[in-house]
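J.: Spelled out from the first residue to the last, the chains are:
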Amino acid sequence: MASYEVAPEAYYKIYFHAAKHPHKPVNGVLLGTQNPPRSGVVKIVDSVPLLHHWTSLSPMMEIGLDLAIQHAENERLQVVGYYQACERLDEVVLAPVGERVASKVQEKFEDAIAFVVDGQKLGSSESALVPYLPLPSTNDWRPASDAQQPFTPSSRFQLQSSGSPAEAARLVNEVNQQFAFGDFDDHLEDVTIDWLRNRACLP
Amino acid sequence: MSNVQGALAKLASYRAKNTRESRQTFETGLLVLKSGKTSGLGDEEWSFYEQLILSALDIGRIDVADQCLTKLSVKFPESPRVDVLNGIRMEATESPEKVLAYYDHLMKIDPANVSAWRRRVSVLRRLGRLDKAVEELNELLDTVYTDSEGWLELADMYSLCNQYPSALQALSHALLLSPQNPFTFLQFAETAYTSGDLPLALKMYLVVIEMNDSEDADAIPLGISVRAWWGAKLCTRQLVLSSSYHGSPSNTPVPKNLALLDELATERVLTAYSGEKGVQTRSLVSGWMSGR
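First to last, the protein sequences are chains A and H.
All letters in the first sequence, in the order written, are residues 1 to 203 by full-length UniProt numbering.
All letters in the second sequence, in the order written, are residues 1 to 292 by full-length UniProt numbering.
Please keep in mind that the hints were generated in silico from the structure rather than gathered at the bench.
Please note: incorrect hints may appear among the correct ones.
Unchecked claim - Calculated lysine-lysine pairs in the DSBU-like style (CA-CA distance at most 30 Å, straight line):
{"#": "1", "chain 1": "H", "residue 1": "K10", "chain 2": "H", "residue 2": "K37"}
{"#": "2", "chain 1": "H", "residue 1": "K75", "chain 2": "H", "residue 2": "K108"}
{"#": "3", "chain 1": "A", "residue 1": "K24", "chain 2": "H", "residue 2": "K98"}
{"#": "4", "chain 1": "A", "residue 1": "K24", "chain 2": "H", "residue 2": "K17"}
{"#": "5", "chain 1": "H", "residue 1": "K132", "chain 2": "H", "residue 2": "K71"}
{"#": "6", "chain 1": "H", "residue 1": "K75", "chain 2": "H", "residue 2": "K132"}
{"#": "7", "chain 1": "A", "residue 1": "K121", "chain 2": "H", "residue 2": "K71"}
{"#": "8", "chain 1": "A", "residue 1": "K24", "chain 2": "A", "residue 2": "K121"}
{"#": "9", "chain 1": "H", "residue 1": "K37", "chain 2": "H", "residue 2": "K71"}
{"#": "10", "chain 1": "A", "residue 1": "K43", "chain 2": "A", "residue 2": "K121"}
{"#": "11", "chain 1": "A", "residue 1": "K108", "chain 2": "A", "residue 2": "K24"}
{"#": "12", "chain 1": "H", "residue 1": "K10", "chain 2": "A", "residue 2": "K24"}
{"#": "13", "chain 1": "H", "residue 1": "K75", "chain 2": "H", "residue 2": "K98"}
{"#": "14", "chain 1": "A", "residue 1": "K121", "chain 2": "H", "residue 2": "K132"}
{"#": "15", "chain 1": "H", "residue 1": "K17", "chain 2": "H", "residue 2": "K37"}
{"#": "16", "chain 1": "A", "residue 1": "K24", "chain 2": "H", "residue 2": "K37"}
{"#": "17", "chain 1": "A", "residue 1": "K121", "chain 2": "A", "residue 2": "K104"}
{"#": "18", "chain 1": "H", "residue 1": "K98", "chain 2": "H", "residue 2": "K132"}
Isolated chain A, as found in the complex:
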């Protein structure tokens, strides 16, 4: 069973994506490394936002995913997972589309993970990420069923910095950083938007 660690930048970008489109579902992929492969901790160092529009439809998702994979390789990273946030606070399940993308990611990275954002926890000092993992040899993704609550001490899901959630909230509430952020949908309307790096929104 692999362990996972989420870097602040990755967390902020997921948060900004959700915050920028509060009334829409959003999704994207996670980039990271695992050293040594298959046994080391999966370090999720970045995230690449894909869609906030027609998230049940696949063509732009496919192109975006391809480009993100290539970008990851260029940065000597891998696509290690998928994230989504639903517009409904009480919905914390991985959508069918999410399962498909996550499974596709898993074809290339065995310890792939999916995070569903728990809307109720956005704005708090707790991690809002709910980890989903596939049942062995299936494309059925379920919430991780560990005894330890994810993102608590001794869980195998950790934030690199425990202050990330509070800082993300501050960046949105005080600085409106989510507006300096763009996803693939935005990029398709304006190709100058740097959706792969989104440097402008990071502190």
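Given chain A, put chain H in place with the hints provided.
T.: Just chain H, lined up with the frame of chain A:
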């Protein structure tokens, strides 16, 4: 006071474009409200309140929404439109059952109150009761066929449940009703692609491109055309690889000039990235073009 003038112009533009930038709308609207200059707005005053109510509710400022709602209720007693706004305000704090019952009640008083019906569908969808939402929306559209937004919403709900043929059917109605809207064709193309009907998707992407054809052949593609050319290329490159494609559920034929189309789509997408700032992603894009 040019601040207020500027604010009013911004708000009017948001209303015209049906923009949902609630935080900005709210802050701009609050400025106007606090300036006390709303009475000089004439008839626009009421649209202004309506807009402020919706944005206030979106960001949780129920106090401001209530303030504006009171003004509207006084000015327009027994108005179905204000009744629905009241319902939306209730949605922010009351239980779903109570809200659904309220909209039911509105529909009984006035069966022509389509907005109340749409709100019911919206609440059902929000509760996750998709089956019921789809059922009611279908009923609504049976009664009020010309609600093209309703057809788009129905298509979206069907897509969410992977029911693509039904989504495409709903989109065909939307297309009949608004044949000038390229976004509807775009949604159709993307739905067709998701359902695996590549020739149909390609056909529709090309329609979007044609509709947006305001520039000359050498111009850099902008806006919706970029997305449409990407989509077209996604289709052509797969169709080119499978020499005999028999899979179109809609029996849409593969275009005879497929290879040319594929080349053209490649060129158009790459051109979109040839502007000064687009160039940073260009190598990634051309990598994708030559891959697989």
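J.: Holds or violated: are the alpha carbons of K121(A) and K132(H) at most 30 Å from each other?
T.: Between K121(A) and K132(H) the Cα gap is close to 29 Å, so the pair holds against 30 Å.
J.: Is it true that the CA of K10(H) sits at most 30 Å from the CA of K37(H)?
T.: 16 Å, holds
J.: Hinted pair, alpha-carbon criterion (30 Å max): K121(A), K71(H). Please report holds or violated.
T.: 35 Å, violated
J.: Below or equal to 30 Å on CA atoms is what counts here, so check K24(A) against K37(H).
T.: 34 Å, violated
J.: Does K71(H) sit within 30 Å of K37(H), going by the straight-line distance between their CA atoms?
T.: Holds - the C-alpha atoms of K71(H) and K37(H) are around 14 Å apart, at most 30 Å.
J.: With the threshold set at 30 Å, check whether the alpha-carbon distance from K17(H) to K37(H) stays at or below it.
T.: With a Cα-Cα distance of about 24 Å, the restraint between K17(H) and K37(H) holds, given a limit of 30 Å.
J.: Please work out if K24(A) and K98(H) have their alpha carbons no farther apart than 30 Å.
T.: 25 Å, holds
J.: Would you mind confirming whether the straight-line C-alpha gap from K75(H) to K132(H) stays at or under 30 Å?
T.: The hint is violated at about 36 Å.
J.: With a cut-off of 30 Å on the C-alpha distance, tell me whether K43(A) and K121(A) pass.
T.: 22 Å, holds
J.: Regarding the pair K75(H) and K108(H), is the alpha-carbon distance no greater than 30 Å?
T.: Roughly 23 Å separates the two Cα atoms, so the pair holds.
J.: Within 30 Å, alpha carbon to alpha carbon, are K132(H) and K71(H)?
T.: Violated, at about 35 Å.
J.: Keeping to a limit of 30 Å between CA atoms, is the pair of K24(A) and K17(H) held or broken?
T.: 18 Å, holds
Checked against the numbered hints given earlier, this structure breaks hints 5, 6, 7, 16; the rest are met.
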